[in-house]
Structure formats: C-alpha cells, structure tokens
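J.: So you can see what is in the structure, the chains are spelled out below.
Number of protein chains: 2
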Amino acid sequence: MQVTKVALVGMGTVGAGVARLLIDHGDRTGRHAGRILWVEEVVVADPKKARDYALPKTVTLSDDLSRITNNPEIKIVAHLVGGLEPARTIMLKLLESGKDVVTANKALLAEHGPEIFDRARELGRAIAFDAAVAGGIPIITNISQCFSANQILSLRGILNGTSNFIVSQMDEQGETYAEALKEAQQRGYAEADPTMDVSGADAAQKLAILAHLAFGAQVHWNDIPRVGIDTLDAADLHYARELNYRIKLIAVAKLRDSGLELHVTPNLVKIGTPLAEVRLAYNAISVVGDAVGSIFFHGLGAGQMPTASAVVADMIDMAVGRTPITFRTVELWSKSEARVQQCDHSALPSRFYIRLTVEDRPGVLAEVTGVLGKHQISIASVIQHEPSEEDGGQSIVPLVIMTAQATEGATQKAMAEIGKLTSVRPNAVRMRVLD
Amino acid sequence: MQVTKVALVGMGTVGAGVARLLIDHGDRTGRHAGRILWVEEVVVADPKKARDYALPKTVTLSDDLSRITNNPEIKIVAHLVGGLEPARTIMLKLLESGKDVVTANKALLAEHGPEIFDRARELGRAIAFDAAVAGGIPIITNISQCFSANQILSLRGILNGTSNFIVSQMDEQGETYAEALKEAQQRGYAEADPTMDVSGADAAQKLAILAHLAFGAQVHWNDIPRVGIDTLDAADLHYARELNYRIKLIAVAKLRDSGLELHVTPNLVKIGTPLAEVRLAYNAISVVGDAVGSIFFHGLGAGQMPTASAVVADMIDMAVGRTPITFRTVELWSKSEARVQQCDHSALPSRFYIRLTVEDRPGVLAEVTGVLGKHQISIASVIQHEPSEEDGGQSIVPLVIMTAQATEGATQKAMAEIGKLTSVRPNAVRMRVLD
Ligand SMILES: NC(=O)c1ccc[n+]([C@@H]2O[C@H](COP(=O)([O-])OP(=O)(O)OC[C@H]3O[C@@H](n4cnc5c(N)ncnc54)[C@H](OP(=O)(O)O)[C@@H]3O)[C@@H](O)[C@H]2O)c1
Ligand SMILES: NC(=O)c1ccc[n+]([C@@H]2O[C@H](COP(=O)([O-])OP(=O)(O)OC[C@H]3O[C@@H](n4cnc5c(N)ncnc54)[C@H](OP(=O)(O)O)[C@@H]3O)[C@@H](O)[C@H]2O)c1
Numbered sequence: 001m002q003v004t005k006v007a008l009v010g011m012g013t014v015g016a017g018v019a020r021l022l023i024d025h026g027d028r029t030g031r032h033a034g035r036i037l038w039v040e041e042v043v044v045a046d047p048k049k050a051r052d053y054a055l056p057k058t059v060t061l062s063d064d065l066s067r068i069t070n071n072p073e074i075k076i077v078a079h080l081v082g083g084l085e086p087a088r089t090i091m092l093k094l095l096e097s098g099k100d101v102v103t104a105n106k107a108l109l110a111e112h113g114p115e116i117f118d119r120a121r122e123l124g125r126a127i128a129f130d131a132a133v134a135g136g137i138p139i140i141t142n143i144s145q146c147f148s149a150n151q152i153l154s155l156r157g158i159l160n161g162t163s164n165f166i167v168s169q170m171d172e173q174g175e176t177y178a179e180a181l182k183e184a185q186q187r188g189y190a191e192a193d194p195t196m197d198v199s200g201a202d203a204a205q206k207l208a209i210l211a212h213l214a215f216g217a218q219v220h221w222n223d224i225p226r227v228g229i230d231t232l233d234a235a236d237l238h239y240a241r242e243l244n245y246r247i248k249l250i251a252v253a254k255l256r257d258s259g260l261e262l263h264v265t266p267n268l269v270k271i272g273t274p275l276a277e278v279r280l281a282y283n284a285i286s287v288v289g290d291a292v293g294s295i296f297f298h299g300l301g302a303g304q305m306p307t308a309s310a311v312v313a314d315m316i317d318m319a320v321g322r323t324p325i326t327f328r329t330v331e332l333w334s335k336s337e338a339r340v341q342q343c344d345h346s347a348l349p350s351r352f353y354i355r356l357t358v359e360d361r362p363g364v365l366a367e368v369t370g371v372l373g374k375h376q377i378s379i380a381s382v383i384q385h386e387p388s389e390e391d392g393g394q395s396i397v398p399l400v401i402m403t404a405q406a407t408e409g410a411t412q413k414a415m416a417e418i419g420k421l422t423s424v425r426p427n428a429v430r431m432r433v434l435d
Numbered sequence: 436m437q438v439t440k441v442a443l444v445g446m447g448t449v450g451a452g453v454a455r456l457l458i459d460h461g462d463r464t465g466r467h468a469g470r471i472l473w474v475e476e477v478v479v480a481d482p483k484k485a486r487d488y489a490l491p492k493t494v495t496l497s498d499d500l501s502r503i504t505n506n507p508e509i510k511i512v513a514h515l516v517g518g519l520e521p522a523r524t525i526m527l528k529l530l531e532s533g534k535d536v537v538t539a540n541k542a543l544l545a546e547h548g549p550e551i552f553d554r555a556r557e558l559g560r561a562i563a564f565d566a567a568v569a570g571g572i573p574i575i576t577n578i579s580q581c582f583s584a585n586q587i588l589s590l591r592g593i594l595n596g597t598s599n600f601i602v603s604q605m606d607e608q609g610e611t612y613a614e615a616l617k618e619a620q621q622r623g624y625a626e627a628d629p630t631m632d633v634s635g636a637d638a639a640q641k642l643a644i645l646a647h648l649a650f651g652a653q654v655h656w657n658d659i660p661r662v663g664i665d666t667l668d669a670a671d672l673h674y675a676r677e678l679n680y681r682i683k684l685i686a687v688a689k690l691r692d693s694g695l696e697l698h699v700t701p702n703l704v705k706i707g708t709p710l711a712e713v714r715l716a717y718n719a720i721s722v723v724g725d726a727v728g729s730i731f732f733h734g735l736g737a738g739q740m741p742t743a744s745a746v747v748a749d750m751i752d753m754a755v756g757r758t759p760i761t762f763r764t765v766e767l768w769s770k771s772e773a774r775v776q777q778c779d780h781s782a783l784p785s786r787f788y789i790r791l792t793v794e795d796r797p798g799v800l801a802e803v804t805g806v807l808g809k810h811q812i813s814i815a816s817v818i819q820h821e822p823s824e825e826d827g828g829q830s831i832v833p834l835v836i837m838t839a840q841a842t843e844g845a846t847q848k849a850m851a852e853i854g855k856l857t858s859v860r861p862n863a864v865r866m867r868v869l870d
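One line per chain: the protein sequences are C and G, in this order.
Going by the numbering used here, the first residue of the first sequence is number 1, and it counts up by one from there.
Going by the numbering used here, the first residue of the second sequence is number 436, and it counts up by one from there.
In case anyone wonders, no lab produced these hints; they're calculated from the structure.
It cannot be assumed that every hint is accurate.
Computed beta-carbon distance windows for the label pairs [said to hold, decoys possible]:
#1 C:G174 / G:I706: 53 to 63 Å
#2 G:Q608 / C:A235: 31 to 41 Å
#3 G:E821 / C:E242: 50 to 60 Å
#4 C:L84 / G:H673: 35 to 45 Å
#5 G:G533 / C:K49: 54 to 64 Å
#6 C:K270 / G:I818: 27 to 37 Å
#7 C:V3 / G:Q847: 45 to 55 Å
#8 G:E677 / C:S378: 40 to 50 Å
#9 G:I818 / C:S378: 43 to 53 Å
#10 C:K335 / G:V438: 51 to 61 Å
Far from chain G by the CB rule (all over 12 Å, computed), these chain C residues [stated by the list, open to error]:
#11 E41
#12 K48
#13 L92
#14 H112
#15 Q151
#16 A234
#17 M305
#18 A308
#19 V311
#20 M315
#21 V320
#22 R322
#23 K374
#24 M402
In this text, a Cβ means the ideal position worked out from N, Cα and C, and glycines have one as well.
Use the sequences and the hints to build the structure in full.
T.: The structure is reproduced here in structure tokens:
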C-alpha cells in the first residue's frame, strides 16, 4: 500500500488523540485513503515531558521543527499548538517548507486567517481546519462542500461547550456560576483561565470562520457583538423556565436585506426546540439553506477523540487530494471583496426578555411601561412576582417583561432610561429571545 | 470562467429542482466549483409534457438519450429517473459513454449496486449518490469522508419521511392510518402506491446502502428484517404515550461481537430523545463513531429542493474532482470480501413492548407471564387497562407488558405460544423499545 509521510507539531490533548488514531488504527486510513499515513516526526515544546500516549520507536519525538521543515518526504503536518505565537510562526514555516497543514487552532485562523491563507495560496499549499469549529461536528465540510448549491440563509449554534456545560449545570443542578465553572475545570472542559470561553470570545471566533465560509463575510471576530455567560444570574434561568424557555449562549449569523446579522449572546430558547435541548458540553448547529431547508447537527464540540476524529479526517482528505481542491475553490479569506457587510447591530429586531428589580408600590409598572412605549416597544407579557426582599425599608419585587419584536437600539435606549427611574434598582437584565 | 457541460436525464420533481439550481443560480456553482456547470441537454420520457420549470432556449429537451451519450463534451450527467428499468439501462449507457453520473435513485443502487459500481470502476468512471439516502441530509458524504477516522459503531435513523409523516399524524392528530396515508398522498409525500414507503422497504434500501458504506457490509436490502407501519394500530401509539414513548419507524445498523445487527421496524422511542422528536416528513440519523462519539443529523429527507440540493452538491464535487477521489478510495460494492456479516436476527437482544387482548378473568395474567418466564423473558412493567369491550359475552381487556432485555427469538416463540392460550385474542402486538 502507498505511504504518505506525515508529522505532528504538538502532542497535547488533541495531538495525542491524532497520534493514537494514525498509529494504532492505521487500517482505517488505509481503508479510506487507500494509503498509509505514516507518522514520521512529532515536535513538541518539551520532549522529556511524561505523556499518556507512548509513541512507537519508529517515530522521532523532538523539539526541533526543522526536522519536519527540512524533510521533503513529509507532505502533511497536523499543527496542534494552541494560541497565536509561536503557532503563527510555526504555521508559516510549515507552509513555506512545502507542507499542507491541518489545524484545530481557531484562534489562529480567526486572528491571522487572511495572512495565513494568502501565504498558503501564494505557495500553492492547502490548509484544512474542520476541527477548529465544533470539534467532532463536520460543519466546515458540510458548509463548504455539502451545501454548496444553497444560499445559506442562517446559522445558529451552540459553539462553546464549556459555556453550555456551565449554564446546563446552573439550570439543572441549581449550581452557582462559580460552582459550575469549578466543575467544568475539574472535568477538563474549562481552562484555568476560562475567559475566552465564558466571555463568548471563543464562540465569536468560530462564528467569524463560519460567516466567512457560509456568507463570504470578512468580519474580524472582535467586531462581532458579544455577551458572555459570566454575568448570568441563576434567577434568570428560573424565570426563563417559568416562561417555558432555557437560556443558551447562541451564536447567530443571519442574512438580512440590510446585511449580515452577527452576534454571540445568551438567548432564551423555547423548551422542546432542538437548540434548547443541547446539554452538557455538546455543541449544535442549525443551518438553513434556501434549497436544503433546515439542517440540524448535534455532537461533541471538543475533547480529545472527537477533535482528533476531525483532524484525521482532514489529513485523509488532504492525502487523497480532496482538501486541496476545496481550498482552491472556496477562496477563504481571499483578497476578493466581501460578499456581504455586517449590518447595523442597533437596528436588529428581536423579542427581548427584560428583568428589573423595582420598588413594590403603585405606579411603578406604569412608569416602566411608559418608557418602553415611548421607544415603540410593545409588551407581550409581564410577570410581577411576589415581593421577595426588603431594600432600605422598601419592599422590592422582580418584574419580568417579554417584549414583542423591538430593535436592539430601542431596547438599549429604553433600558438606559428605565435605569434612571428612582423606583428601579440597578442590574437590570436584557436578553434576546430566539425565534 | 471555465465551463463544464452537464446534462439531466429525468426532469420530474427532483430534475426540475436541479435544473432550477444549475440554471437560475449558476453563480453558486461558479463560487463553489470555480466553474460554470452548463446544462446542455435534458432527456425525459415525454418532451411534450407540460412542466412547471421552463428551460431556457439554450437547453435541448428531448427523449433521445443518444444526444447525451454521443456528445463527448458532456462530462457529468444527473440521472433522475426512478425505478429499476429503464433506469439501470440508462445508468449503464451513461457510464459506457464516458459520463460520471450523479443519481438519487436508491432503489437502483440497492438492487443493482454491485453491477453498476463494478462497471463504473472498470470504465474509470465515478458515481455520486448523496441524494439517494436522506435527501437533504448529507449522510453519505459525512460517513464516507468526515468520519473516516472512526470505526462506526452504530447508525440509527428515521429514513422514510412518508412513514414518519403518517405516524406523526396518527399520533398527534388522532387520524387513522387510512386518513393519515391519504393526507400524505395529498401533500405529495406518498405515491399512489405507497407500499415501498409504508412497508419499510424504502428504509431498508437506504439502510443497505449506509451499512455498505459505514461497515463494509454486503447485504441485500431484502435480507434486512423489516416491519412496516402499515399495520400500526392507533391503540399502541396511545399506550406508548402513557409509558412516555412515541412510535417511530427506525432503521438500525449496529456492530456487535456476533456481526452486524440490521433491521427496520417500528420502535418505541423515549419522548424527549432526539429521534422521538422527529416530526412530519423529516428524517434524522444518529451516528456513533468510536472517536467522534454520537453525532445527530436532522433535516428534510425528500422533496424537490432538498433532494436537488444534494444532487447539485454532488455535481459540483464531481466537476471539481472530489467525488472521483472518494469513489476510488471508498471501494463501494467492490468485489473485495464483506468486512462484516449480518448477525443472527433471532439472537438480538432488546427490550420489547407487548400488547395482548385478554379475557378479563383471574389467572390470565399468570398464564401469560408463565409463558414469558418459560422463555426467560423478565417483565419490567405490566399495565392492565380497564375492561373496554365485550367479546362473546366475555369482557376483554388490553394487557400491555414491557419486558426487560430479551432476544428476538425468545419473544417470537413466547408470542406464538401465548397466541395459543384460549384466554388470549388474536392480533397480539410486539415492538422493539429503542435503547
Ligand atoms: N482540547 C480540545 O478539546 C480542543 C478542541 C478543539 C480545538 N482545539 C485546539 O487544538 C489546539 C491544541 O489543543 P490541545 O488541547 O491539544 O492543547 P495542549 O494540550 O495544550 O497541547 C499543545 C501542544 O503544543 C505543544 N507546543 C507548545 N508550544 C510548542 C512549540 N513552540 N513547538 C512545538 N510544540 C509546541 C505542546 O508541547 P508539550 O506537550 O511539550 O507541552 C503540546 O504538545 C488548540 O489550538 C486548541 O484550541 C482543542
Ligand atoms: N421526489 C423526491 O422527493 C425524491 C427524494 C429522494 C430521491 N428521489 C429519487 O429521485 C429519482 C427521481 O424522482 P422524481 O420524484 O423526480 O421522479 P419523477 O417526478 O417521477 O420524475 C421522473 C423523470 O424521469 C423521466 N423518465 C422516465 N422514464 C424515462 C426514460 N426512459 N428516459 C428519460 N427520462 C425518463 C420522466 O420523464 P417525463 O417528465 O417526461 O415523464 C421524469 O422527468 C427517483 O429515483 C426517486 O426515488 C426522489
């Protein structure tokens, strides 16, 4: 059987899974690629570190990238180093030494995509990155290949398993944010510094990549409006449930007449709809295409073996020649003009959930609804709960309002104005309600 | 931009959708294939027939297949004629005249796959067929490409939208089987002769194709044990719901130590699990791979545009060269030995739902459970309903039993024996309960 020599840079969580699949299960690549993907070199930061996957003696483990870049027999490299540097430099060196590269590093692509893809094109090289978004769910291949006859109309997804795990634990186990975060860290879902995950930044990076692929948008991830789950209050999970909703961190890309709607925010999602039922660290994506209709994917968005599954599939696609074709035809992050512009966030319509803490006295509801009315915001329902607390001698109550369709801008302005009412306490909450 | 000439044989439901996507939305194929797919010829049975999609004057509509087979400029043909003949002959003529072929005809592949694929390989041609299974859900590409690093462990799916629609209508609208079937026909989901759909044959054909791809099984669809929904009784939908289940026609392929478990039968599926929530004419598939874990797909399994979406994606993959690679590497229906044998159906374990109509008198339950016990079948729960009918002066009651894990064979034997008890009326029901 034909042999294609490959190498790994990085053998941490994902890299060890990739090594295991390539080395212990070579029969699979043989069957699907009609050839063996032979691991020739593995390069890591510290070759002396203890590892849970023991490489066979045939593979050299070193910290010397030139063993790969100087070996012309190695055609394909899995780049499994996280972060921006030295990940970016490693990527460029690999491309410049003639390697096709498979990566799982979404941060690198979201930040340096244009530079890296341009360089790859100049050099006639290809990059595959299905593992970078939604781990085991092959959303990149599905969008760039399987739905190519469609105009994609919208993408909505739960793209960050850590956030979903934390919110699920808060919702189902009654844990506080801090407890749920700690559990996520113990289970290996969240890193020591969980900021990227819980702030919505990681989901925004993935959304930027998907928006690029699906819509030809050229949006930097940091320009995508985002709200994380780090400020989520258990009370809102409770009130949402009363209204028959769950709260989920949802990434949205939706084509509108005015451009592309893009954001990552906690949303109220109707119980019983597919996205509401996504539990624990699972990811899910709902794609609507004008021909195919609505397609829903659900699976493990991270973790060693699901991510390795995606990396190895990409390596096989690279070895047999499918990825280079896709890479040439899809023109990702090319210098060609963006096909769509991000639309004005403040003009975006949605229904909203609003929770206020107000003084329990006559006239307060009228004041609040007066401000909403002034901003053309209709109210769909109001739930005023029993007085629960005393605040400086004044009993205060939570007031939960569901609006009819209103714009981001109008609700923001109304909230600012409501915040100034003497009868309203600080920490008002406003969340989108998913259609 | 480069041009690839293509043709269509068949312009019925699916063909008209394909023509529309290729002709009215040529920009998409331009964007994803880097070239135009130019429709040169359309061949149908009756060119004079009125059609809802009007072809532009540049396209010749005829009933003369030789206009395609004799035109060497046409590289790719969408074969969208149903049934076995003349579909088989058309397929062979297309391959023999040097065309790569995209088809949506699962019956043709399930019946004549070995002959057709062997011929294509001999001739160096390729066949793509993602539209043949689950319409808009790209399950073929996902299994043969995206999950190639996995040993697939199981596939479970709702692969026949017509059956699912009928059962959903019976369950949710309280319609009888006959009423629901009529509505399915009015909506265009079921054909005048619905036998293939409602007998489970269509789902078995799709399962045979998937089992081939995912497990290297070489099983003829007619050797897959199947039960349709055509004998489903509304009473069982009702009792299932009482037990917190819905009934769904489920196709299963599962790797066991003893071989490959394969069947298409109505199953009790726990409410709240993804497959139970598949409504109307939707399809869904749950794939478990040893690396990727469980991945769930949900989408439209048929209909003009979802199916056309899959056909055109395949035509693009063919034009850019991806499909020929996959076709060569996947070795579908090749002469190589089957990698797995179908396992003994009678030895397969499952929990079962059993409904009997029994005489309402002391000792009957003991007789029935005695027979089950003799066959080593443990009972998980029994629901004995109120007497509902009189039968020859004797009041009779429905008796619903949920078993613990038991084998197909033991439950079949027990049912036969129970059927002979004088206290038990005919028409006993036995259904699998999905894990
Ligand atoms: N973990 C997941 O579930 C998951 C899911 C999707 C995507 N990803 C992405 O996959 C990538 C890898 O993630 P991971 O979880 O496997 O990370 P990890 O466990 O931290 O492993 C990183 C690897 O990179 C190596 N490395 C660091 N600096 C290096 C250098 N200068 N030269 C060579 N090797 C270097 C490390 O070497 P040592 O082993 O010697 O320290 C380690 O083997 C990241 O971009 C991540 O975002 C991860
Ligand atoms: N409909 C769906 O939702 C769906 C979904 C998945 C897969 N499929 C599969 O797709 C295939 C096509 O389905 P369909 O619903 O489009 O069928 P259809 O509406 O019955 O169309 C069949 C087409 O084949 C043409 N045809 C028949 N005999 C021919 C011959 N000897 N030479 C040339 N053309 C001939 C017919 O010509 P005239 O127009 O002149 O009669 C018609 O255009 C079938 O295999 C079906 O199983 C369909």
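J.: Run every hint past the structure and note whether it holds.
T.: Right, here's what the structure says about each hint:
Take G174 (chain C) and I706 (chain G): their Cβ atoms lie about 24 Å apart, and the range 53 to 63 Å is violated. Restraint check, Q608 (chain G) to A235 (chain C): a C-beta distance of roughly 39 Å satisfies the suggested window 31 to 41 Å. Between E821 (chain G) and E242 (chain C) the beta carbon distance is about 36 Å. The supplied range of 50 to 60 Å is therefore violated. For the hinted restraint 35 to 45 Å between L84 (chain C) and H673 (chain G), the CB-CB distance of approximately 59 Å leaves it violated.
Between G533 (chain G) and K49 (chain C) the Cβ separation comes to about 56 Å, which falls inside the hinted range of 54 to 64 Å. Checked against the hint of 27 to 37 Å, the C-beta distance between K270 (chain C) and I818 (chain G) comes to roughly 32 Å, which is consistent with it. Roughly 51 Å separates the CB atoms of V3 (chain C) and Q847 (chain G), a value that falls within the hinted 45 to 55 Å. Taking 40 to 50 Å as the suggested C-beta distance range, the pair E677 (chain G) and S378 (chain C) conforms, at roughly 41 Å.
Checked against the given bound of 43 to 53 Å, the beta carbons of I818 (chain G) and S378 (chain C), roughly 48 Å apart, stay inside it. About 25 Å separates the C-beta atoms of K335 (chain C) and V438 (chain G), a value inconsistent with the hinted range of 51 to 61 Å. The claim that E41 (chain C) is not at the interface with chain G holds, since no C-beta of that chain comes within 12 Å of its own (minimum 20 Å). For K48 (chain C), the requirement that its beta carbon stay farther than 12 Å from each beta carbon of chain G is met, with the minimum near 28 Å.
Against the 12 Å criterion, L92 (chain C) stays outside the reach of chain G, whose nearest CB is about 26 Å from its own CB. At roughly 24 Å, the least C-beta separation between H112 (chain C) and chain G is larger than 12 Å, which holds for a residue marked as non-interface. The beta carbon of Q151 (chain C) is not kept farther than 12 Å from every beta carbon of chain G, the shortest such distance being approximately 7 Å. With a cut of 12 Å on Cβ distances, A234 (chain C) stays outside the contact zone with chain G, its closest approach being about 23 Å.
Here M305 (chain C) does not stay apart from chain G, with its beta-carbon only about 4 Å from theirs, under the 12 Å limit. A Cβ of chain G approaches the Cβ of A308 (chain C) within 12 Å, the least distance being about 6 Å, so the stated non-interface status is violated. Against chain G, the non-interface label of V311 (chain C) is violated: not every CB pair exceeds 12 Å, the least being about 8 Å. M315 (chain C), annotated as away from the interface, has a beta carbon of chain G within 12 Å; the closest lies near 8 Å.
Against chain G, the non-interface label of V320 (chain C) is violated: not every CB pair exceeds 12 Å, the least being about 5 Å. The claim that R322 (chain C) is not at the interface with chain G is violated, since a C-beta of that chain comes within 12 Å of its own (minimum 5 Å). With a least beta-carbon separation of about 42 Å from chain G, K374 (chain C) lies farther than 12 Å from that chain, consistent with its non-interface assignment. Remark: the non-interface label on M402 (chain C) is consistent with the geometry, its nearest Cβ contact in chain G lying 25 Å away (cut-off 12 Å).
Comparing the model with each earlier hint shows violations of hints 1, 3, 4, 10, 15, 17, 18, 19, 20, 21 and 22; every other hint is respected.
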